[in-house]
Amino acid sequence: MLNALTGGNATPATNELGLQIRWLCPLKEVKSWKKIDQSIKDTVLQAVLDKFEIGEDFHTDQQAQEIVDTKAYFLYKDWRYTLKQRFKKIVEKGVNDPYSHSPIGVCLDDWKHMIDVAWKDASHLKRSKAGKANMSLLPYNHTSGSRSFPIAMSLMDAMVNLQATVTDAGIPLTHEELSRQVLR
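Residues in the sequence shown are numbered consecutively from 1, following the numbering used here.
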């Protein structure tokens, strides 16, 4: 079972989902996509569905709904993280008033709230420090490049299937030829 958008429009649909999240989702009083009001989630999703077809019939496809919900969760989380990184850079530059440097598309009230309530809060700073310590203990980088793990897995499956097919036909391919045919 895949847990990411796939297909030719996966990247544009994901980009649109992220854009709609940044336009429509609140920052104040909400720490996670899971806590956002359902009517806002529905509006975000409908804006994406107006431009892209996701699955055969998205409204009856439980797997597609779960995939989009998971993607939205991570996009919302990444947006908040990106805002935090921007705040940290402003502080590192020694800007006297970081409150007056809100990013484009983020209202000043939300920016001030994020600084005061989210990033300068003692409990947040404690969790952040613990998270950094835990990540430093990983013996490897958790990545597969720009492709999601499900897409990388489906490409690997395609290579294995192609190898089996051509081997049965008596035409073995090198790893390079397999990659070239599957990853074009």
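Each hint should be verified, as a subset may be incorrect.
[As the list claims (entries may be wrong)] With a straight-line cut-off of 25 Å between C-alpha atoms, the simulated DSS-like cross-links for lysine-lysine are:
id : residue 1 : residue 2
1  : 132       : 34
2  : 34        : 89
3  : 77        : 34
4  : 31        : 41
5  : 84        : 28
6  : 34        : 126
7  : 89        : 28
8  : 51        : 28
9  : 51        : 89
What the hints contain is simulated information worked out from the structure, not anything from laboratory work.
Item to check | Non-conforming hints, listed in increasing numerical order | outcome: 2, 8, 9
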